[in-house]
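Peer 1: Here's the letter readout for the chains.
Number of protein chains: 4
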Amino acid sequence: MQSLLNEILEDVRPLIGSGKVADYIPALGRVDANQLGIAVYSNDGELFTAGDGLVPFSIQSISKVFSLVQAIQHSGEAIWRRLGHEPSGQPFNSLVQLEFERGVPRNPFINAGALVICDINQSRFAAPAQSMRDFVRRLSGNPLVISDEVVARSEYQFRARNAAMAYLMQAFGNFNNDVEAVLRAYFHHCALRMSCADLARAFCFLANQGHCLHSGEQVLTPRQVKQVNAIMATSGLYDEAGNFAYRVGLPGKSGVGGGIVAVVPGRFTVCVWSPELNPAGNSLAGLAALEKLSARIGWSIF
Amino acid sequence: MQSLLNEILEDVRPLIGSGKVADYIPALGRVDANQLGIAVYSNDGELFTAGDGLVPFSIQSISKVFSLVQAIQHSGEAIWRRLGHEPSGQPFNSLVQLEFERGVPRNPFINAGALVICDINQSRFAAPAQSMRDFVRRLSGNPLVISDEVVARSEYQFRARNAAMAYLMQAFGNFNNDVEAVLRAYFHHCALRMSCADLARAFCFLANQGHCLHSGEQVLTPRQVKQVNAIMATSGLYDEAGNFAYRVGLPGKSGVGGGIVAVVPGRFTVCVWSPELNPAGNSLAGLAALEKLSARIGWSIF
Amino acid sequence: MQSLLNEILEDVRPLIGSGKVADYIPALGRVDANQLGIAVYSNDGELFTAGDGLVPFSIQSISKVFSLVQAIQHSGEAIWRRLGHEPSGQPFNSLVQLEFERGVPRNPFINAGALVICDINQSRFAAPAQSMRDFVRRLSGNPLVISDEVVARSEYQFRARNAAMAYLMQAFGNFNNDVEAVLRAYFHHCALRMSCADLARAFCFLANQGHCLHSGEQVLTPRQVKQVNAIMATSGLYDEAGNFAYRVGLPGKSGVGGGIVAVVPGRFTVCVWSPELNPAGNSLAGLAALEKLSARIGWSIF
Amino acid sequence: MQSLLNEILEDVRPLIGSGKVADYIPALGRVDANQLGIAVYSNDGELFTAGDGLVPFSIQSISKVFSLVQAIQHSGEAIWRRLGHEPSGQPFNSLVQLEFERGVPRNPFINAGALVICDINQSRFAAPAQSMRDFVRRLSGNPLVISDEVVARSEYQFRARNAAMAYLMQAFGNFNNDVEAVLRAYFHHCALRMSCADLARAFCFLANQGHCLHSGEQVLTPRQVKQVNAIMATSGLYDEAGNFAYRVGLPGKSGVGGGIVAVVPGRFTVCVWSPELNPAGNSLAGLAALEKLSARIGWSIF
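Residue numbers (this note's numbering), protein chains in the order written: chain D, 1 to 302; chain X, 303 to 604; chain L, 605 to 906; chain V, 907 to 1208.
Just so you know, the hints here were simulated from the structure itself, not pulled from any lab data.
Any given hint might turn out to be false.
[To be verified] Distance windows between CB atoms, simulated:
(1) D436(X) / E217(D): 54 to 62 Å
(2) G680(L) / A380(X): 51 to 59 Å
(3) H516(X) / A78(D): 30 to 38 Å
(4) W986(V) / R383(X): 27 to 35 Å
(5) S1037(V) / G680(L): 48 to 56 Å
(6) D436(X) / L4(D): 37 to 45 Å
(7) Q979(V) / Q677(L): 41 to 49 Å
(8) H516(X) / N6(D): 29 to 37 Å
(9) R728(L) / G76(D): 50 to 58 Å
All C-beta atoms in this analysis are idealised placements derived from N, C-alpha and C, irrespective of residue type, glycine included.
I would like the entire structure built from these sequences, with the hints used as guidance.
Peer 2: Right under this line is the structure:
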């Protein structure tokens, strides 16, 4: 496995230079584009990393999985009264569908849906940002995970489009808490810094029937795990979920920080990271690495 | 397995009466709503049926899988220059997205995409309707499969919306053959009559790395099989693909005749049939039966 | 004229009861629905009123004309770099078009356009709400015109949809000032209380080549007056501008408070008021009164 | 007047070269782009022409006014059960709005609306194309007006987008006749060849309370004339009606052949022609000429 990971990274490294680092906020744009890392964590507790697999990066939208899991933990099926679990067929930050569908977001992995999930969590937790940070520390087994205040503040400053979505949902009666407070929590989640190794470990319960190997916690029921994986498979990669299923064939979730986590149910989790993105907003080299890995080991669920 | 299938049918039979038989053409509306059937076909060639599992019905959109497979067989990856493989997030017959995306349909399982596939096949086959009929006869091992002329003619008579889509794609330069000719072939595919048993057998190559057990044919490569399954998983149930993944967790394809086929990669195919549909256009009792079956046997790919 | 106005009010009074008072904020919903007033102001300075023509009401979107005129006064043609002057073909508060057209509102009389105009005015005036109040006091010759603080606060409280629009425009770089500050000014404009007589006098410069009879002020150039009238004619009545042109044939502007002002170029201004609205958000009895008046005196510009 | 027309043509002639001749069908693309003509027809029967004001050209969408007038003549207000009279806020040939508004076009001057009008006329006339040709011969007083068969056939050949609209309306139950037959009539109307002088004369009833000066016919009632002018004012120039009102201030109708007709109610009709179009599909030099003419003589209705 170790040599396979090394090999794959070398195979995809030439792609660096063809993508574009996210620069909608200055703090993200400054990242070194040449970084490339991978980590695989097996259900029997073995961790393999290669390249920059131990370097923390901004997890961004990968945090939407953690928020969703928190919401399922305390509210279960009731959350689906507030949002759907259908693919959107639209860019992740579009308001068009949100207006036509009267403020009910399509799924928890587009921004509007993640904001509704944060609104649900805001009603439950006194300090949502800290609750989330503590949650991912437990899941990853890394007590040093922190949220980058500079990034969080910068995202808040450029919050206009997310604020527009939140207010639009409020206009339709689908937002219960103060918009600004929810946005602050949301950006703190996005600004969490974790390495490929952290994320592979933190997602392991999704490959393992809900059981977190290193913490011993039963995070979700086996049935809930299948549901979260199903949502990742149909909506996890923005408007490229179909392509990810076609090319990689695994449930996954990406972030504009360049990370992608994928789940091989019953066997492994894997996380790749490379900051340059393709036009759909997913890590260019990361996507290629996962495609090769899936093909080489026959990991596709299909 | 046999007793499980019987049991599941009895569990879901009370749902009959809560849905609505498709009636957009008179010929479909006349079907007896009380019918309910299921068939499971295993990769070692065993067939189980229950209820009306041997009664032929109108396969409708399930035919879109066969058209796609034909197109992949003769044109391979080149077809993706004409359409995508992303979920649409829109009703199956919407023109809105088609106009915004300049005549390029999102995937082969919405009507516009299936029409492009038929246009591709029209350029290749002298007699597309017969080629398709012969293809499904081979795949199902049933030389008696026919297309219902009354249904095909009735669909052609009420072709307005499909004609609108085809002409819109032609306006964008994404349609090469005569619209009326392609529509006639398309409706002949939709009007094919097959039983649950026929369909379970006809889909077995998708559970079996591309190999058709009873004909011995290698229909697709293993890689192509994964790709077709991936597209079914993200786009196979109209605007309910996410829900199907969430509840059932298998690649599948439905038709407004009330049939749903699902694939358990490496193990089984299953087909259920009950004519009454839910608001999303999928078999109400059929969906419930697949959900129960998947839960009972733990067939979910997630 | 006096007897004609009385007669028309009696003709349309039976319509009261068929419409619906705006109730999106409680402060507006409490108005007495039985009120009905009209005022006509001629270019030679004669004022005619009937019914409740001297009762102040919430002018709401009629204020968008005053904001536009202020912006033209200090910025002229430059404002059209920020918004258009085309009809929208959409409900007044839709975000769909705003997203497709990248944050550039169609015209100054839909909410998004009025917010951009307020943003332009915010950059110019130290105290936009007071500037506007003083401006309409001068235009109407009524030093007692005030903005209703209860209404303004209530609108701010239910600002979600307008906030969504403002943030969306900010996301596209078409909003320069603090969203909350601009919204507060905007709602103060909407909450101005004026009578039909006040409004007929305040609009007289638009019937009179830009000259305000009673203040003696040249408010706009004759060319600018024609332009403002043109925009009212094509976009002044939300998504019913075409119907207003068809039935009444005059440039006009309505508000959800139930007021409608219309301009007979070179001759008169007229204002009607009745709080109940039709489904398009325009005064039901007011529209009927203007239709009758236009037909009786042959005032149509067409 | 004569010298004014000459002068205006010279003023705008330098604009030739900045626009683009319509080339969606070859037959239109072959026109000489250097042509520029104008004609003014007064309510007392005087005709002034300048430049190429006597050269026939393809009237294209200007024919939509004649179709509408025919439909009003035989069906009156009943036509508004089939379409609206609101501006569309969309390109003239968009299907998006048509789908959202369930097959009911916004107004008779977008393509979908004109097709519905042609469908209405098809139900009334045995030979719609000849009825129309005879109608415009009478209106223009020119018995030699013909429809260009080459253009009509070419438009039919490239009918895909119009066919898509017609079929979509049929799918919503808003189309009663054979789509192909209606399209053939529609394209024959578009292919009528008339000069500026022909068109100025043919439109004179709209400046003259419905009375056609030279034929003596009362074409419409005075009230119907105001209604047609109102629709032209709000929807006559595709998605530039607002700009035309803003710059010219007259009811008008344009065609992609480069003609624009405008009405000065009670006084004149005017027609300009220059084949090159601006991005909105309206004659570039023609629009400029009308703006100058309106400003010079103070013709604006506002």
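Peer 1: Which hints from the list above does the structure break, by number from lowest to highest?
Peer 2: When the structure is compared with the hints, numbers 3, 4 and 8 turn out to be violated.
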